[in-house]
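Peer 1: Spelled out, the chains give:
Number of protein chains: 2
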Amino acid sequence: MRAVIPYKKTKAKSRLSSVLTLKEREEFVESMLKDVVNTLSDNQIKNIDVLTTTSNSIPDNLDVNVITSEYGLNEAINSYLKNIQEPILIIMADLPLVKSNHITDIINTKKDVVIVPGKGGGTNIIYLKKPEKFTVKYYGSSFLTHCNIAKKNLNTVEIYDSFMASTDIDEPNDLVEILLHGQGLSREYIEKKFKIDDSKGRLKLKC
Amino acid sequence: MRAVIPYKKTKAKSRLSSVLTLKEREEFVESMLKDVVNTLSDNQIKNIDVLTTTSNSIPDNLDVNVITSEYGLNEAINSYLKNIQEPILIIMADLPLVKSNHITDIINTKKDVVIVPGKGGGTNIIYLKKPEKFTVKYYGSSFLTHCNIAKKNLNTVEIYDSFMASTDIDEPNDLVEILLHGQGLSREYIEKKFKIDDSKGRLKLKC
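Residue numbers (our numbering), protein chains in the order written: chain X, 708 to 914; chain G, 708 to 914.
Everything labelled a hint here was simulated from the structure, so no lab data went into it.
Please read these numbers as outputs of a predicted model, since none were measured by experiment.
Careful: at least some of the hints might be erroneous.
Note that identical chains are pooled: a pair holds if it fits in a single copy or bridges any two copies.
Stated by the list, open to error - DMTMM-like cross-link-like pairs, simulated, lysine to aspartate or glutamate; straight-line CA separation at most 25 Å: (1) Lys806 / Glu878; (2) Lys836 / Glu898; (3) Lys858 / Asp905; (4) Lys907 / Glu733; (5) Lys900 / Glu734; (6) Lys858 / Glu898; (7) Lys741 / Asp868; (8) Lys817 / Glu734; (9) Lys817 / Asp868; (10) Lys818 / Asp868; (11) Lys907 / Glu782; (12) Lys840 / Asp767; (13) Lys718 / Asp905; (14) Lys715 / Asp905; (15) Lys844 / Asp904; (16) Lys844 / Asp905; (17) Lys902 / Asp868; (18) Lys902 / Asp877; (19) Lys858 / Asp904; (20) Lys907 / Glu839.
Please work from the sequences and hints to get the whole structure.
Peer 2: Set out below in structure tokens:
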């Protein structure tokens with residue numbers, strides 16, 4: 708099996724711009740990428756492809772294959788999938804709370820397809836035992852869309868239920884979850900800059 | 708074993724006031740309570756206590772014991788726990804995405820205590836095999852606080868990892884998760900009032 712991580716560093720994570728500068732956001736997304744790669748490596752997944760555009764640099768010391776495509780996210784992944792004839796894990800780069808046990812659970816599924824929803828209707832991880840026929844369609848209500856695509860292909864589907872795997876990092880409040888539940892480089896990065904504000908309701912960031 | 712559901716209806720869920728009127732919020736929290744009670748009943752949990760104040764009416768047709776206390780949340784639960792000599796599930800009333808399988812998993816734990824974190828550092832569910840010695844302290848970073856209380860009592864702790872069980876309903880964006888993943892009366896209620904806005908980023912509510 709292999710894993711593919713779509714990755715954007717340049718001008719990434721604009722919804723975090725109220726709390727992190729452009730440079731900080733780019734450093735932070737790189738930390739998250741490294742955490743995701745480390746988690747996959749811990750699971751003995753040796754073939755890890757990072758799918759990106761030429762404008763996004765990938766750290767030299769990362770043991771991954773870099774595949775560049777100038778297409779948008781969906782076209783790039785769908786074009787990539789056409790050449791894959793083995794089980795594939797499509798995992799987003801902004802999932803620093805995913806741990807080794809989640810990957811183990813997902814790749815040992817008895818179903819044809821595993822889908823991990825993101826917060827607010829997105830899709831964080833898709834595992835395809837047979838990638839042929841499957842096409843992705845991210846953005847908007849992609850979780851429901853991907854469930855429907857799987858069903859149309861007559862695939863059996865497992866919806867994997869994990870708070871950690873469903874927590875994608877897009878907005879300032881998501882960083883609180885890293886401070887609470889995270890580990891690795893992303894947590895180190897965020898801990899240097901923020902504390903927790905527990906004055907009212909859900910916890911918030913304090914600079 | 709028994710379950711206890713702390714419940715507030717009157718003027719509840721003020722953080723939903725931008726999308727639901729006071730009357731609607733009170734109707735909606737009642738729907739969520741019924742969903743939680745139904746999920747517990749599906750699991751053959753027969754002794755369900757609803758812990759509330761006299762100002763909060765409980766629907767007559769709900770098969771629960773109503774226990775009133777005029778204390779605040781923490782004091783009311785801690786006072787309640789002093790009289791409990793059997794395993795107890797403390798579950799919040801705003802968890803309509805909790806399903807039967809979650810309850811089964813939690814009450815079959817091998818650990819002394821199970822804690823289900825809420826979004827933003829809260830605590831959604833605590834399961835105590837031996838309630839003696841345990842005291843709760845909700846609000847603020849209660850998830851970390853409850854983990855520490857358990858450790859101080861030398862209890863073994865399971866952190867239960869479920870997106871559905873960790874999704875407490877406090878803010879308008881949480882209602883989107885009910886539209887995506889919910890069922891039961893809460894979903895019916897929200898579906899009558901809202902649709903999904905998928906114009907940008909995470910899905911939002913559309914009236």
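Peer 1: Could you tell me which of the numbered hints above are not met by this structure, giving the numbers in increasing order?
Peer 2: 2, 8, 12 and 20
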